[in-house]
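Student: Here is how the chains run, residue by residue.
Number of protein chains: 2
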Amino acid sequence: MVDEETIVLVKEYAVGLHHYELGLVKGRLEAGETVLEGAERELKEEIGFGAHDLVEITALSLAPGYMTHVTHVVLARDLYPEKLEGDEPEALEMVHWPLADLHSLVQRPDCTEGRSIAALYITRDYLQQEQ
Amino acid sequence: MVDEETIVLVKEYAVGLHHYELGLVKGRLEAGETVLEGAERELKEEIGFGAHDLVEITALSLAPGYMTHVTHVVLARDLYPEKLEGDEPEALEMVHWPLADLHSLVQRPDCTEGRSIAALYITRDYLQQEQ
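Sequence lines, in order, name chains A and B. Per my numbering, the first sequence runs over residues 1 to 131. Per my numbering, the second sequence runs over residues 1001 to 1131.
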């Protein structure tokens, strides 16, 4: 979150779909890393920010019928600029989006990933409960 | 939907996660089937209902970075009993859930699949717009 109402999305080329997909910063944990350490590293690599406030709010599965893959959803707030070199082939374009307007976001043809969409709605619920 | 406020979920054993997962009726399209035909067939196989009113409300991707898999989200209303034999190894347990209470649902440890959760929130938005 760049402020209490605005999320950061990134445009990343989706090889599987042959278009740029708008979604959340994400990546794989490295050996020995905690979930929060991995989340902050990915933030620094993909958008050039660290976060003073990181909290894991849920974990999602991908295709539980046949895959063991689990995605941890981390809410990052109180950002500060810090860039790390990552493995992205090109710099990612950042897009700011109001969390209140997920309805328009999910109608875009370039925002289709189930995990990202689920994470955004769950985060919105989480923040409403927090208030 | 069994009525305007209540969704049907199924409990299905998730081999990838070694537990029963609560999610939406789902399956693969067969050759020559339209999205709506496939959706209704899966409903008949998994919960023993057809639907007079079927509409595709969105399509979701699974892992667009490396997979081409697309999931069509179909809203089924005006259900009627009709059972088809499917390929499920055992009968699926049905659970009725109020669409207004997705917040509790996603906090359950057995409801983790990104696509199902995204589909439910998008459907809730869709129905709110429809009113």
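To be clear, the hints were calculated from the coordinates, so they are not data collected in a lab. Misleading hints may appear alongside valid ones.
Label pairs and their in silico Cβ distance ranges [unchecked claim]:
#1 1013/B / 3/A: 38 to 48 Å
#2 1037/B / 16/A: 20 to 30 Å
#3 48/A / 1094/B: 43 to 53 Å
#4 1005/B / 3/A: 48 to 58 Å
#5 1031/B / 69/A: 27 to 37 Å
#6 107/A / 1086/B: 46 to 56 Å
#7 1016/B / 96/A: 32 to 42 Å
Going by beta-carbon spacing under 10 Å, a handful of chain B positions derived as facing chain A [what the hints assert, rightly or not]:
#8 1006
#9 1014
#10 1016
#11 1044
#12 1061
#13 1069
#14 1093
#15 1094
#16 1096
#17 1098
#18 1114
#19 1117
#20 1121
#21 1122
#22 1131
The beta carbon of each residue, even a glycine, is placed where N, CA and C say it ideally should be.
Student: Look at each hint and say if it fits the structure.
Tutor: The hints, checked one at a time:
no.: 1; hint: 1013/B / 3/A: 38 to 48 Å; result: 43 Å, holds
no.: 2; hint: 1037/B / 16/A: 20 to 30 Å; result: 25 Å, holds
no.: 3; hint: 48/A / 1094/B: 43 to 53 Å; result: 48 Å, holds
no.: 4; hint: 1005/B / 3/A: 48 to 58 Å; result: 34 Å, violated
no.: 5; hint: 1031/B / 69/A: 27 to 37 Å; result: 28 Å, holds
no.: 6; hint: 107/A / 1086/B: 46 to 56 Å; result: 32 Å, violated
no.: 7; hint: 1016/B / 96/A: 32 to 42 Å; result: 35 Å, holds
no.: 8; hint: 1006; result: 19 Å, violated
no.: 9; hint: 1014; result: 3 Å, holds
no.: 10; hint: 1016; result: 5 Å, holds
no.: 11; hint: 1044; result: 19 Å, violated
no.: 12; hint: 1061; result: 4 Å, holds
no.: 13; hint: 1069; result: 8 Å, holds
no.: 14; hint: 1093; result: 16 Å, violated
no.: 15; hint: 1094; result: 18 Å, violated
no.: 16; hint: 1096; result: 21 Å, violated
no.: 17; hint: 1098; result: 15 Å, violated
no.: 18; hint: 1114; result: 3 Å, holds
no.: 19; hint: 1117; result: 4 Å, holds
no.: 20; hint: 1121; result: 4 Å, holds
no.: 21; hint: 1122; result: 5 Å, holds
no.: 22; hint: 1131; result: 13 Å, violated
Of the numbered hints stated above, those contradicted by the structure are hints 4, 6, 8, 11, 14, 15, 16, 17 and 22, listed in ascending order.
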